[in-house]
Amino acid sequence: MQASNRWFIAVTIFLSMLLVVMPLPQQWLWFRPAFPALLIIFWVSRMPQTLGVGFAWLVGILEDLVTGATLGTHALALAVLAYFSLLTYQRTRAFNPAQQLLWVFVLVGINQVVGNWVHGLEGKTVPGLTFLWPALTTALLWPCVAPPLLRVCARLHIR
Amino acid sequence: MKPLFTRGPSPESRLIALGILSIALFAVSYYTDWFQSTRERLFDVVAPLYWITGAPERVGDWAGEQFRSREELLEENDRLKRRVLLLEHRSQLLAAVKAENTQLKELMNSAEMVDDRVLVAQIIGVSPDPLEHVLLIDKGRNDGIDVGTPVMDAGGLLGQVIEAGDSFSRILLITDSSHAIPVQVLRNSMRAVAEGTGDLYRLKLRHLANTSDIREGDILLSSGLGGRFPAGYPVGEVMSVTRDPGKPFAEAEVLPRGRMNRSRFVLAVIGDRGRGLASK
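Those protein sequence lines, which keep their order, are chains A and B.
Take the first sequence: its letters are residues 7 to 165, numbered as in my numbering.
Take the second sequence: its letters are residues 897 to 1176, numbered as in my numbering.
Please note that a few of the clues may not be correct.
Keeping only pairs whose Cα atoms sit at most 30 Å apart, straight-line, the calculated DSS-like set for lysine-lysine is [to be verified]:
| no. | chain 1 | residue 1 | chain 2 | residue 2 |
| --- | --- | --- | --- | --- |
| 1 | B | Lys-994 | B | Lys-977 |
| 2 | B | Lys-1100 | B | Lys-1143 |
| 3 | B | Lys-1001 | A | Lys-130 |
| 4 | A | Lys-130 | B | Lys-1100 |
So the derived label-pair ranges between C-beta atoms look like this [stated by the list, open to error]:
| no. | chain 1 | residue 1 | chain 2 | residue 2 | range |
| --- | --- | --- | --- | --- | --- |
| 5 | A | Thr-94 | B | Trp-930 | 36 to 46 Å |
| 6 | B | Tyr-926 | A | Val-158 | 34 to 44 Å |
| 7 | B | Gly-1040 | A | Leu-156 | 48 to 58 Å |
| 8 | B | Ile-916 | A | Tyr-95 | 18 to 28 Å |
| 9 | B | Leu-983 | A | Leu-64 | 12 to 22 Å |
| 10 | A | Thr-98 | B | Gly-960 | 41 to 51 Å |
| 11 | A | Val-158 | B | Ile-916 | 33 to 43 Å |
If you are wondering where the hints come from, they were derived from the structure by calculation, not from laboratory data.
Glycine included, each C-beta is placed from N, C-alpha and C at the ideal position.
Chain B extracted, bound-state conformation (with noise of 0.2 Å):
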C-alpha cells in the first residue's frame, strides 16, 4: 500500500481550508446576488436532469391520451366545445366592462391599464429540498420571463420566478414559508398579507386588527402593492379568522386558489412589469 498522506496537504488541512470556502460562498449567496447571473447559466445545464426524470411520467400520460376511446375522445371534445362557448360569452361580457373601465379612468387621468401577455409554460420538476416549495418550468429569458415574472394557474397565483435561465426558470410558490404577498379582500378591499407556511394547502394571514372586517369566505386578489405582483388575481380563500380577545391581532387561514400540487401547465404572465401598481 501507499503511504497515505504524501501527496498534497492532509485531509485536515483540506477539511478546514474547504469548509472555510463553503462557509465564504454560503454567506456569499445568502447576502448579495453576485452567483445570480452564473447559477442561472448553469441552471440551463442541469435543468435537463429533472427532465430526464420527469419523462417517466410524460410517458404514461402520453399512452393515457394514446389508448382513450373515441366515445371518451368525443365526449371530451364536446364538453369543451361547450365549455369554450361559455368562456368566449364571458370574455365578450368583459370587453364591454373593460372599455367602459378605461374610458372611466381616462376621464380620472389615472394610467391606462396595459393587457398582461401570458405565457403557457409546463412544469418540469419539482425541488428536492422538502423545505421549500420551487417548481421548475421549461420557459426562460428567451420566452421573455424575468426574475420577479408572476406565475399563475387557471385557479390563482402561483408564485414568482426566483431564477431565470435561458430556457428553464425556477418558480418560488407562494406557499413557501420565506414568501409573504400581498394581497386585498375582495368584498371590501381590506389590505394585509399573506405569508406562506410551508404547506402546500394553506396560507396566513397575521397582524390583522382584531376588528378587521374579514370572514370566513372571503376570496383575496394580489393588491399590486410593493410593484411585484400585478393587481387582481385572486390568491385565495379565507378558511378560518381566530379572533383571541386576548391577543392584539387576530389571524386567518387561507386556501389557496392556485393547485400547488397538480397543476401540468401553468402561465406566466410577462410583459405589464412594474404597471400593476401604477394602474392603480
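Same shape as in the complex, but just chain A (with noise of 0.2 Å):
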C-alpha cells in the first residue's frame, strides 16, 4: 500500500471517530449511524487484498478507547464484521443501490448484534430491537457516502 493511501484511510477513520463522539441530543443519541462501520465496509470491500480483520480489530480498539466502551467491545463487533464483508464483496460489488443499501443493514445489524451481546455480558440491557436503529441509519446513509467516497478514491489514484 502507497503511503498517501495510507494516510487518506487514516484521514477517514479519524473523522468518522469524530463523528463517533459528536454532541447529540440525548433522545437522538440511538439514531447515530455506526460511522466506523461504516468505512470497515467501504474499505474492506474495496482494499480485500491489504485492509482485513485486523485493520477492523484495531479500528475497533481506537473506538473503544475514544469512547471509553469496555475494552474489546467494539473490537469484535467490527472483527466480525470485517469477516463477513470479506467473505462477501465480490457479490456486493455487483450489487445495484438498493441491494447494497439492504445488505449494509444486514451487516452493520450483525455488528450491533455483537455490541448487544456484549453490552448484555455488562448487564445492560436494551429495550426490544432498538439497538438495530444504527444499522437502518447507516444503512440510509450508505448511498450517500460511498459514491463520494469512491470518486475521491478514484480521483487520488487509490487502489
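Hints are included, so try docking the two chains, each in its own frame, into the full complex.
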C-alpha cells in the first residue's frame, strides 16, 4: 500500500471517530449511524487484499478507547463485520444500490448484535430491537457516503 | 488479481484469534483494573476529539455573548450583584453556624469538619453510548482530581469521577443505571440507597420498608456512608412514593437536584477525601 493511501484511510478513520463522539441530543443518541462500521465495510470491500479482520480490530480498539467502552467491545464487533465483508465483497460489488443498502443493513445489524451481546454481558439491557436503529441509519447513509468516497479514491488513485 | 489468501493466516483463523483476544481483553477489563492506568493515559490523547466536536457549540455561545446589547449586560450585571449580596449575607450567617457547630463537635470529642476544596471544571463532552450517563470534564490529576472525586453543580450532586487522566476526566452520573448512592432524608435522617435508572430525570429508592416515614417533597442528602461521597450534599427530591400492600417493600421515585442535562460548569469536590464519614 502506498503512503498516500495509508494517509487517506487514516484521515477517514479520524473523521469517523469525530462523528462518533459528536454531541447529539439525548433522544437522538440511538439513531447515530455506526460511522466506523460504514468505513470498515467500504475499505474492506475496496481493498480486500490489504485490509481485513486485523485492520477492523485495530479500528475497534481505537473506538473503544475513544468512547470509553469496555475494551474489546467494538473490536470484536468490527472484526466480525470485516470477516463477513471479506466473504462477500465479490458479490456486493455487483449489487445495485438498493441491494447494497439492504446488505449494509444486514452487515451493520450483525455488528450491532455482537455489540449488544457484549452490553448484555455487562448487564446493560436494551428494550426490544432498539439496538438495531444504527443499522438502519447507517444503511440509509451508505448511498450518500460510498459513491462520493469512491470518486475521491479514483481521483487519488487509491486501489 | 493477486491470489487472495497467500499472505499470512486465513481470515477465519484471524477472526478466531482476534475474537478470543477481544473476549480476553473484555474479561480482564471487566473483572480487574489492570488497564485502568493505561486507559487513563490514553484518555488524555483521545479527549481532544470531544473538545473538537464541541467547538461549534462553544463558538455559538461565544458569539451569543459577543453580540449581546449593553442594556442586557447591564441588567444581568445588576441582577448578579444583587445575587452576590444575598449569597454573601447567607454565607456570613453560615460562618457563625459553622463556628458554633465546630465548637459543639469539639465538646463531643468528634473529628473536626474539614473544609471541602472545590474546583470549577467545564464539561467538554458526553459519552456517545446511550446506555451510560458519562460526562467528560477538562480537569484531571494535574488539578487534584482522582478516581472517586465527587462532582456537583449548583443544584446538587452530579456524580463521581471514574477515570482521571492528567488533564481530562470522565464522570459517571448518579442517574446511570449502574450507579447507586447512599442518601438520607433531610427531615428525619432516614437512610436509603438511591439507584440510577438510566433516565436523566429519575432516581429510585428501592427496598424501603412499607412503614418507613418518607413522603412526597422530601429532600435527600448524601449520607456519607460508604466513604465515597461527602455527607450533606443535596441529591434529589422525592417525587412519589408507591406503597403496595401486596409487595414487601415500598418504592420511591426521586428527581435529581443536579441538572444532569444542562450544566455547563461543574464543581469537583477535592480535598476532604475519605473524611466525610469520619466527621459524622
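Quick rundown of the hints versus the structure:
This hinted pair checks out: Lys-994(B) and Lys-977(B) have alpha carbons roughly 25 Å apart, not beyond 30 Å. At most 30 Å may separate the alpha-carbon atoms for a hinted pair to count; Lys-1100(B) and Lys-1143(B) meet this at roughly 16 Å. A distance of roughly 44 Å separates the Cα atoms of Lys-1001(B) and Lys-130(A); the hinted pair therefore is violated under the 30 Å criterion. Of the pairs offered as hints, the one joining Lys-130(A) and Lys-1100(B) holds, with about 17 Å between alpha carbons and a cut-off of 30 Å not exceeded.
Checked against the hint of 36 to 46 Å, the pair Thr-94(A) and Trp-930(B) passes, with Cβ atoms roughly 38 Å apart. Under the hint 34 to 44 Å, the C-beta atoms of Tyr-926(B) and Val-158(A), about 40 Å apart, fit the expected range. Hint check: Gly-1040(B) to Leu-156(A), Cβ distance near 51 Å, so the stated range 48 to 58 Å holds. Checked against the hint of 18 to 28 Å, the C-beta distance between Ile-916(B) and Tyr-95(A) comes to roughly 25 Å, which is consistent with it.
A hinted range of 12 to 22 Å is violated for the C-beta pair Leu-983(B) and Leu-64(A), which are about 52 Å apart. Separation of Thr-98(A) from Gly-960(B) is about 47 Å and conforms to the stated range, judged on CB atoms against 41 to 51 Å. At about 36 Å, the beta-carbon gap between Val-158(A) and Ile-916(B) stays in the expected band of 33 to 43 Å.
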